[in-house]
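All chains should be modelled from the sequences, with the hints used to inform the complete structure.
So for the sequence shown, full-length UniProt numbering puts the first residue at 1; every next one is plus one.
With a straight-line cut-off of 20 Å between C-alpha atoms, the simulated DMTMM-like cross-links for lysine to aspartate or glutamate are:
| no. | residue 1 | residue 2 |
| --- | --- | --- |
| 1 | K152 | E72 |
| 2 | K194 | D205 |
| 3 | K152 | D71 |
| 4 | K194 | E168 |
| 5 | K194 | E211 |
Hint data in this document are derived by calculation from the structure and do not stem from the laboratory.
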Amino acid sequence: MDVARQAGVSPSTVSRILNGTAKVSDDKRQAVLAAIEQMNFAPNQMAQGLKKGRSMTIGIVVQDISSPFFDETLRGVDDGLKGTGFASVIVSGHWNAEEEADRIRLLLARKVDGIILLSGRMADETVLNFASQRPIVSTGRALQTRTALGFKMDNEYGAYLAVHHLIELGHRHIAFISGPSNNADANERLAGYKRALHEAGLPLDENLVVEGNYHEASGMLAMNRLFDTHQHFTAVFAANDLSAYGARLALYRKGIRVPDDISLVGFDDLPGSSYTTPPLTTIRQPLYDIGRIATQALLRIINGEAACGEVPPLELIVRETTRRVR
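And the structure:
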């Protein structure tokens, strides 16, 4: 109200200018901006952004707001926005391409200045079409245009590292709890599993590959299916840490010791993986770094600079769920 009074406009006009949706004369806009700065109503970055016609908001599309995978990435995004004057608007795509597109349209209608797309099912062509309207930085895909940048981790190599570690420990019968077959990352991790076996001269036993869906319950169910079909294995590679948590519970309920009886490896290195019993050997994805670097890259594009950025590679983190075969 004080800003509106100082500028000589209505409170609704101030609100619409702050949201970037107002169509007002330059005199009114300048009066509101002057009042904002004079009364210290908002940071200078916001006032400067408003002068450039920006909303000072970033849209973020996650797939599952309850997942610790996205929590860690969002922490990096949040730190990347600190001190910039930008705020975030978070929506969920629920691993559905149509829903992701609807959420991006919603963000565009809210006049966000750019969008961070964390994974997802949309085709690259669709993402590029949206990027022609607002800059987009995406994870899980390789993109490089003036208004779009993608960061893609080498899932095949990460899975290869996990299985190679088990082979080096003497394991020859390694089960794999995969991700969903319609997910590109899951298929790349399956390819890494197969490559490690092939390079070691080990046969691929399709009976040791059980599809999951990246959630804890599916890891537990996949492990139980392996037991129910009486498969012989001494180690398990789970396509993500959540699946490994579920597999660990199934092993515990069967009275099977990890790693004394069966070794277990995950993929992601979620914060909780250091505190499982025992602590989980896994492939570390630099989730926090991905969020922070993606945010910095998007802000550069918004400021008219070249789209660039590089995230650290995947690495094997050896803890206490793997051991050499006796």
